Each structure stands twice: as structure tokens, then as C-alpha cells.
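*Asks:* So the sequence lines, in the order shown, correspond to chains A and B.
Quick note on numbering: the working numbering labels position 58 of the first sequence as 58, and the sequence is numbered without any gaps.
Quick note on numbering: the working numbering labels position 179 of the second sequence as 179, and the sequence is numbered without any gaps.
Mixed in with the good hints there might be a few duds.
Since the list gives no way to pick out one identical chain from another, each pair is judged satisfied if it fits inside one copy or across any two copies.
[Claimed, not checked] Calculated lysine-lysine pairs in the BS3-like style (CA-CA distance at most 27 Å, straight line):
#1 26 to 189
#2 334 to 189
#3 85 to 272
#4 85 to 129
#5 334 to 370
#6 26 to 85
Don't read these hints as lab results, they were simulated from the structure.
A quick note: this is a predicted structure, and the numbers were derived from the prediction, not measured.
Letter by letter, the chains look like this.
Number of protein chains: 2
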Amino acid sequence: MQIQDRTDPHHVAVIGAGFAGLQAVKTLDGSGARITLIDRKNHHLFQPLLYQVATTILSPSEIAWPIRRLMRNRPEVRTVMATVKGIDGGKVLVEGGEPIPYDTLVIATGSVPAYFGHDDWPAVAPGLKTLEDATQIRRRILLAFEQAEVEPDPARRRALMTFAVIGGGPTGVELVGVIAELAHRTLRKEFRRIDPDETQVILIEAGPRVLGAFPECLSAYAQAALTRMGVDLRLGQPVTALTQGGVQIGQELIPSATVVWAAGVAASPAAKWLGVAADRGGRIAVEPDLSVVGRPELFVIGDLAAVPWAEGTLVPQLAPAAKQQGAYVGRVIKARLAGQAPPPPFRYRHAGNLATIGRRSAVVHYGKVKLTGALAWWIWGFAHILFLIGTRNRVVVAWSWLWTYLRGQNAARLIVDPPDGKD
Amino acid sequence: MQIQDRTDPHHVAVIGAGFAGLQAVKTLDGSGARITLIDRKNHHLFQPLLYQVATTILSPSEIAWPIRRLMRNRPEVRTVMATVKGIDGGKVLVEGGEPIPYDTLVIATGSVPAYFGHDDWPAVAPGLKTLEDATQIRRRILLAFEQAEVEPDPARRRALMTFAVIGGGPTGVELVGVIAELAHRTLRKEFRRIDPDETQVILIEAGPRVLGAFPECLSAYAQAALTRMGVDLRLGQPVTALTQGGVQIGQELIPSATVVWAAGVAASPAAKWLGVAADRGGRIAVEPDLSVVGRPELFVIGDLAAVPWAEGTLVPQLAPAAKQQGAYVGRVIKARLAGQAPPPPFRYRHAGNLATIGRRSAVVHYGKVKLTGALAWWIWGFAHILFLIGTRNRVVVAWSWLWTYLRGQNAARLIVDPPDGKD
Numbered sequence: 001m002q003i004q005d006r007t008d009p010h011h012v013a014v015i016g017a018g019f020a021g022l023q024a025v026k027t028l029d030g031s032g033a034r035i036t037l038i039d040r041k042n043h044h045l046f047q048p049l050l051y052q053v054a055t056t057i058l059s060p061s062e063i064a065w066p067i068r069r070l071m072r073n074r075p076e077v078r079t080v081m082a083t084v085k086g087i088d089g090g091k092v093l094v095e096g097g098e099p100i101p102y103d104t105l106v107i108a109t110g111s112v113p114a115y116f117g118h119d120d121w122p123a124v125a126p127g128l129k130t131l132e133d134a135t136q137i138r139r140r141i142l143l144a145f146e147q148a149e150v151e152p153d154p155a156r157r158r159a160l161m162t163f164a165v166i167g168g169g170p171t172g173v174e175l176v177g178v179i180a181e182l183a184h185r186t187l188r189k190e191f192r193r194i195d196p197d198e199t200q201v202i203l204i205e206a207g208p209r210v211l212g213a214f215p216e217c218l219s220a221y222a223q224a225a226l227t228r229m230g231v232d233l234r235l236g237q238p239v240t241a242l243t244q245g246g247v248q249i250g251q252e253l254i255p256s257a258t259v260v261w262a263a264g265v266a267a268s269p270a271a272k273w274l275g276v277a278a279d280r281g282g283r284i285a286v287e288p289d290l291s292v293v294g295r296p297e298l299f300v301i302g303d304l305a306a307v308p309w310a311e312g313t314l315v316p317q318l319a320p321a322a323k324q325q326g327a328y329v330g331r332v333i334k335a336r337l338a339g340q341a342p343p344p345p346f347r348y349r350h351a352g353n354l355a356t357i358g359r360r361s362a363v364v365h366y367g368k369v370k371l372t373g374a375l376a377w378w379i380w381g382f383a384h385i386l387f388l389i390g391t392r393n394r395v396v397v398a399w400s401w402l403w404t405y406l407r408g409q410n411a412a413r414l415i416v417d418p419p420d421g422k423d
Numbered sequence: 001m002q003i004q005d006r007t008d009p010h011h012v013a014v015i016g017a018g019f020a021g022l023q024a025v026k027t028l029d030g031s032g033a034r035i036t037l038i039d040r041k042n043h044h045l046f047q048p049l050l051y052q053v054a055t056t057i058l059s060p061s062e063i064a065w066p067i068r069r070l071m072r073n074r075p076e077v078r079t080v081m082a083t084v085k086g087i088d089g090g091k092v093l094v095e096g097g098e099p100i101p102y103d104t105l106v107i108a109t110g111s112v113p114a115y116f117g118h119d120d121w122p123a124v125a126p127g128l129k130t131l132e133d134a135t136q137i138r139r140r141i142l143l144a145f146e147q148a149e150v151e152p153d154p155a156r157r158r159a160l161m162t163f164a165v166i167g168g169g170p171t172g173v174e175l176v177g178v179i180a181e182l183a184h185r186t187l188r189k190e191f192r193r194i195d196p197d198e199t200q201v202i203l204i205e206a207g208p209r210v211l212g213a214f215p216e217c218l219s220a221y222a223q224a225a226l227t228r229m230g231v232d233l234r235l236g237q238p239v240t241a242l243t244q245g246g247v248q249i250g251q252e253l254i255p256s257a258t259v260v261w262a263a264g265v266a267a268s269p270a271a272k273w274l275g276v277a278a279d280r281g282g283r284i285a286v287e288p289d290l291s292v293v294g295r296p297e298l299f300v301i302g303d304l305a306a307v308p309w310a311e312g313t314l315v316p317q318l319a320p321a322a323k324q325q326g327a328y329v330g331r332v333i334k335a336r337l338a339g340q341a342p343p344p345p346f347r348y349r350h351a352g353n354l355a356t357i358g359r360r361s362a363v364v365h366y367g368k369v370k371l372t373g374a375l376a377w378w379i380w381g382f383a384h385i386l387f388l389i390g391t392r393n394r395v396v397v398a399w400s401w402l403w404t405y406l407r408g409q410n411a412a413r414l415i416v417d418p419p420d421g422k423d
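Let the hints inform the model, and build the full structure from the sequences given.
*Replies:* Written out as C-alpha cells, the structure reads:
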């Protein structure tokens, strides 16, 4: 195998192999640059389906791909699994490894769950960003039913059978939809002392409606559908405290053993590495070409970038937006290396909003098109199968969905202990 | 749903939902007994394929089934996920739950890796008995390559690229076969600084040959096949020390960052619960009807039972033997409850020995039949697909194998961190 001389070509370092970073590397194919792709994990993750891992429908390997595998036919790309701890003097500093010098740096480190300064909340209510998060939430949901079956105290049993999801965006709506179906359908006939049908599933949203980014009529549809599925909607009710005992909303304490956080994200702490200002959500302001102000060799893309959009808003933190930014920055760097004129400023093309409500329904909003129900679900399903990487995973995910749909039996109902026996 | 009166019928408690315990419960269908099935895990595990989870070919959910799900149409069976801590006064004592009284007790708690008194060895060289073991070994194997890619020190890099498996039985042979293929085939072209082809895979066996339970000609075949695959065989060489630095064989230290233990199992500590004597391997002697001597209400089956076989040997600790014992005990209990004569003493029907060597070869020994090569592999594959539970898993496992076979790409190459960042 011919490997390029490692000293001569322009060297692009990309931090983060999510949708944005991966797309940037993909677009840089044929640029002549040497590329180092750095990620904390060994896998790229299809985050839009992560909630299905948390709720036993899909297995981790169905929505994750080894990054190296995706880069195997790109001899100029080196994949490094390492945790970045800073950026200094034109080098990326990584834990337990040598600093990685770069000529151009693309930062695409994404976002993490945001708890608005409540440092004790993550332990009570994990967010959903990594495979580890998803399997932890899956373990907690399944263990709650197992413990309820052997719990003699009725109050404690009720808390074990109460599931609260905080945040009424697409992730929150999707989570409560599947949890409700798990309780009322999948687990039917499987317990002898408890009746899973008595499970309480609660969706808590501080704003006045769920799916706030969608038109009001679609929010209303989703709310009606969730209510029909037995989900208890608590709208306009911000959480005031989160403890092992449950969720506090105003004066009311809802005893709940299993709480999931879907109430928002903040950009990863890359702004600190760069010593630049970030907005309240940790996002970094960028030039029209997505480079950092005054640092043309430095690009920030994906959830981390504060890119202006229509009417004073920012480009949303969605997978299609991240991919578009990755592709754009790839083209900018390619043009520079080729000595060509830079492409016109980045312009976000909104691909619409989608969210599923359980196993048979969804809402789709694209321009003037508003769809609900089964048709919307099929569009959602096809779109997601299409965006998965590789034939193998398309087949297994389609198969898992078909099986869940026809049999009502989720494929990945495993409780796998962490090595130390704790969460 | 009609649930039987819980006080009147005869109550059978079964500890362990492995092959033996599950088969006992299955056979007790229609017996009129009320049954409680107790297991530490929420899933039954198809252990013969566990090595494929450890080596990235299969996903955990492909070889595990929620126990409750398997019992959903048996309203008289109650599934309890709990850890048993003892047996006292006709009751099973479980951690964090009420004691479970029984009329008849079936103990089928299986075996655990045996380290012959070396308490510090398990941390260095995990065995392979649970899904947690398998994902831990998978993580260690994949991380070793990742770390080797960024390791500047050549000696340390070599240790990271050295994989040692201790124990030359079927599990050891199967593990080194897949690890060798992973290194020499699957990971090809994916690294830029290391060459996975330089990986050393070592199989260490204290006895004079691998697959000691097979005829010598099949051992010879397996040894030749492994050698061709680049596996370094160390026969007749017992391990004298195991440290973070590597494996010590006599005076030689083999620096190896990843060591797996496949050198033997001991029965789980159920003999202590009963206060009865056990043999060196922890196995409990049983009457010809598999009940404990002097305790007709107590049955011991599977890996835990010391059942005499031909020429002074014991029935082997294999899945088919466990299933036969489970079915037999089910029939004994059924006959008792029906007031019928007991079935004739348990007699083991040996179903043969099988082991795979990598992706295209296997050895099969059944009576006078000895098979090797591709035909043996196909027999092994069909037999295992057949014994999996449920159509869904048969399809996904067959699909995963087909993909691995055709594309040389394993489906489950995920490094998933334990929550505390340690093993």
C-alpha cells in the first residue's frame, strides 16, 4: 500500500467524527491534503436513532460504525482514537499521545446534554448523546420493571413504574412514545405481580407545547396522539428539583425511579480550547465561511457553530445542518489548496423537521408540507434507512423495525451490567 | 388473564435460566405445578456463540433473550431477576427481596471461570461466561489496536499487538481463530502507523495438544490449521504467572496487553448453599435421578452436577448435556406430581463435539464420524442456527455470518466504555 509522504502535503486535522466532521473528510477526498481524524470513540454514531437503542428496539451495533472502517480506502486519512484536551501553538493536544500539528483545523465536537448549572442532575437523569448513555437508560428502564415485580412496598412500586422524560422536543416525544408502547404492549403478559399496563409515562415540558420547533397544528396532533397512548403531558411546567426520590414540578413531587433528560444541549467546551467567546449555549460565532473570526485556518462546524439563519435565529443543531456545514468547509479548504476562488458564503438549506410518535405515527414538516400519522411514519422510516451508512445496517435496522412492528417485540431488551455494578 | 391460586399447587423453584434450568421449566409445562424461575440476569444466553460477541462478529442481543419473554405464555411461571445468596429452611434467599419458599428446588447455576486459586489472575485475563465478559474482551482487543496506533515505544507497541489466549479447548481455539482473522483480514488497510498483519496471536495450552476431548487426528488438523493462520501454539506449557506485563510460561515472559482465560471452569458455589460436599471442580454428586443424596426434593443439573458417565468420567459440561438433564428432571417431577412411576435413571446421550477454526473451517466428532474443513464448518453453522431460539435471531445471526463471510467485515466492532472508564 502506497502511503503519502507524511511531511510535505498540507495537513488538515478534524476533531470529531460525527455528521459534520465525517462529511468534511468525505468532501476533502482528492484534495491532496493529508488528514488526521480524531475522535474520543472508535465509532461514528447515527444519533437520530439513539433513542431506539435506549428503548430496546435497536442494538448499539446497528447504528454505529467503526470510523477506521469508513476510512479504509482513504490512505491519506489517519484515524486517531483519543480525547482532545486542548489546542496550543498549532497543535492538537491529546490525552496519552503526542501533540498533533496541523495546517488547517476543523472542530466538529458537537454538543452534550445541558443541565443549566445543576451539577447533581446528570446522575439522576442521564441525557442521550452516546451509546453508553443509551445502554444506561435501557438498563434503568428494564431494571425498574424487574425491581417493581419483587418490590413489596406499593409506594415504592409505583415510583419504579413511573417514567419521566424531561423535555418535549423530538427526542422527548420519541422516548415517551416508545416507553409507553413498551409498557402497554411489549411487556404485556410477562409479569405476574405487577401489571405493566399501570405504568405511568410522563412528559414534562417547560414551554406551552411539545415539538416547539414545529407548527402548532403538528404539536397539537402529537399531544393528542401521546395522550391517547396514555402519556401524561405536563406542559408549561419547568422542573424545579431532581433527586433520587423523583421530579419536582413547582410544589408537586412526582416519585419516579427512572428519569431521562431531553431538555436541551450545550456545545462541547471547544471554545475554551480556542480562548474565544461562546454564546450561552457554548456555540462559537463564525465568519460566513465558517472559519473563526480572525483565524482563517480554523473552522468550527456542526452543533458547535453559531451560524446565523433566518430572522435572528441560528442554524438548528440537526444532523442535516451538520452535514451541510461539513461539506461546505471541505469545499472551502479544497478551493484554497487548489488556489481557486472560495465558494460563496455558507447557506443552510432546511431539510424539514421530523419526529415519530411511537410505532405507527409521526409528524413531518417540510416547507408548506405538514404530514401526520402513518404516512409520516413511513416517510420518517425511509428517510432514516436511507441515511444509515452501509447496506448491512440498512438491512438489519429495517428487519428490526419490521419485527417490532409485526410482533410488537423489541429485539434488544438486554440488561447488561456495568463492570462495577453501578450506573 | 387468569392467574392460578398461588397457595395450593406444588411449587417448583428453579435457580438459573441457562440451558438446564430453561429446559426443566419447558418440560414442566402442563405439570400443574406453580414455577418460579430465578436468575441473576434478565436474559438467557446462548453461550456457545459468546466467543463471537467477544470477537466482534455478533452483537449481544443476537444471542440473548429476555427470560420473561420466553415465559410469556406460561402464566404459572413467575420470573424473578435476583441474585441468590443461599438456601435455608425450604426457602431460596435472594438479595434485596423476600425469601422464596419451594416444595421442589432445581439448582442449575452453571459454572464460572476457574483460576486454580490465583486470585489476581481474573483482572488480567478475563474469562468468557457472560455478555459483560464478552463486551469487556471485545473492548480490550479493539482498544489494544487503537493504542498501538498511537504508541511511540516499539516494545510497548509490540505488547499491545500481542494477544494471548490461555486454554486450548474449543473456546480457546475458536477465540484465537477469530482474533487471527480480525488482525490479518478484517483490520487490513485500516491503520496507518501499525500493520495489523504483524499481530501475534498465541494459544497457550498446558496439555500436549489442543482440543484434548477430540480424537488426536482432529487435534492435529486444528493445530495445522491454526499454524497456517499465523497462530503461535505453545503446547505443554503451563502458565506460571500472569501480570499486567504479560504471560509467564516457565522462564519466558511474553509481553501481552490482552490476555483471555479459557483454561477451565468450576461449578458455581451452590454446594455451599446446600452444605454438601463438592468435587475439586465444585460439582455436586447426584443420585441416578439427579437428586441430591438424601434430599429427594432437591435436584442439581447442568455444569453443577457430577453425573457419572463412561469409564469413570463425568458427563461433560456442554449445552446438550445440560438440556438433557433439564428435560429429565422435568419428567421426574412431572411423574411424581402425577403419582406415576419415576422414569428410568438419567442416561447421557453424547451429541458429539464441535469446534470452529476461524471463518471457514471446523472439526466435528460424532461417534465414528470425524469431519474437518468447510463441510464441518457448515454442519457447525447449521447446528448452531438451529439451536438458537426464535426466528428473529436465526435470521440476524445467519445474516451477520453471511456478511462476515462474504465481506470479511465484522458487524460489531464497537468499543463501548464502562461508565467508570475502567474495566
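*Asks:* Now, for every hint given, state plainly whether the structure supports it.
*Replies:* Outcome of the hint check:
no.	hint	in the structure
1	26 to 189	between (49 Å within a copy, 17 Å between copies)
2	334 to 189	between (59 Å within a copy, 25 Å between copies)
3	85 to 272	within (10 Å within a copy, 51 Å between copies)
4	85 to 129	within (20 Å within a copy, 37 Å between copies)
5	334 to 370	neither (38 Å within a copy, 61 Å between copies)
6	26 to 85	within (25 Å within a copy, 55 Å between copies)
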